[in-house]
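Novice: Input sequences plus hints: build the corresponding full structure.
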Amino acid sequence: GAVVSQHPSWVICKSGTSVKIECRSLDFQATTMFWYRQFPKQSLMLMATSNEGSKATYEQGVEKDKFLINHASLTLSTLTVTSAHPEDSSFYICSARSLGDKAYNEQFFGPGTRLTVL
Amino acid sequence: QKEVEQNSGPLSVPEGAIASLNCTYSDRGSQSFFWYRQYSGKSPELIMSIYSNGDKEDGRFTAQLNKASQYVSLLIRDSQPSDSATYLCAPRRGNAGNMLTFGGGTRLMVKP
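Residue numbers (the numbering used here), protein chains in the order written: chain A, 1 to 118; chain B, 1001 to 1112.
No wet-lab data here; the hints were simulated from the structure.
All C-beta atoms in this analysis are idealised placements derived from N, C-alpha and C, irrespective of residue type, glycine included.
Any given hint could turn out to be false.
Computed far set for chain A versus chain B, every beta-carbon distance over 10 Å [stated by the list, open to error]:
| hint | residue |
| --- | --- |
| 1 | His7 |
| 2 | Arg24 |
| 3 | Ser54 |
Lysine-lysine pairs mimicking DSSO-like chemistry, simulated, CA-CA at most 27 Å apart [said to hold, decoys possible]:
| hint | chain 1 | residue 1 | chain 2 | residue 2 |
| --- | --- | --- | --- | --- |
| 4 | A | Lys64 | B | Lys1042 |
| 5 | A | Lys41 | B | Lys1111 |
| 6 | B | Lys1111 | A | Lys64 |
| 7 | A | Lys20 | A | Lys55 |
| 8 | A | Lys55 | A | Lys41 |
| 9 | B | Lys1056 | A | Lys14 |
Specialist: What follows is the structure, given as structure tokens:
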């Protein structure tokens, strides 16, 4: 399967600071990348859909000014958590979908970034 | 009603047995269905995809789809302790966004 990387794999920061998470598709071009958040013992919740060269589409209830998404190229999307607070502590996972027939192409997940805000 | 429903488990099976994981979904427009495996503390890993009614086999895994009943399942034959994980069912939404909707997952425990 296709490989998606994330960096960093974990980060600890102070309340009020901003944290940037990178998501890269290593061996394929991704027209669309997705950002998810997962709290302990809960399922994945889609935060936003990121399309290369255009603004991200945020799910209801997700603050676009707090979670800044930039999809600068077909292989890189970044999520910046601005002014992070302890309640933002979570497991952030990106996924990427390859070019091709939208009905059948698959999503591949990155390894995730565990964010802890003190 | 949740968009995707799975029994949270845990589903406990002995090593070598068949594990049967079930999922129902509400969006009749869903055309593609995916099963992901997630180990504790890790991100999901795609294990099966199915698009047509019927069965699809891949090694020890068999996915079954019945769109009329809005039901999709995953069978794991000859279950191994390494199969112990949470299995997530994810239909792709039928709208233009083509996004996945994840169920809460079923936790599978395979006992040696």
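Novice: Hints first: check each against the structure and report whether it holds.
Specialist: Checked hints:
1. His7: holds, 13 Å
2. Arg24: holds, 14 Å
3. Ser54: The claim holds: Ser54 of chain A sits with its nearest Cβ about 13 Å from chain B, beyond 10 Å.
4. A:Lys64 <-> B:Lys1042: holds, 26 Å
5. A:Lys41 <-> B:Lys1111: The hint holds at about 21 Å.
6. B:Lys1111 <-> A:Lys64: Not satisfied, since the Cα-Cα distance of roughly 44 Å exceeds 27 Å.
7. A:Lys20 <-> A:Lys55: With a Cα-Cα distance of about 17 Å, the restraint between Lys20 of chain A and Lys55 of chain A holds, given a limit of 27 Å.
8. A:Lys55 <-> A:Lys41: Outside the cut-off at roughly 31 Å; violated.
9. B:Lys1056 <-> A:Lys14: With a Cα-Cα distance of about 48 Å, the restraint between Lys1056 of chain B and Lys14 of chain A is violated, given a limit of 27 Å.
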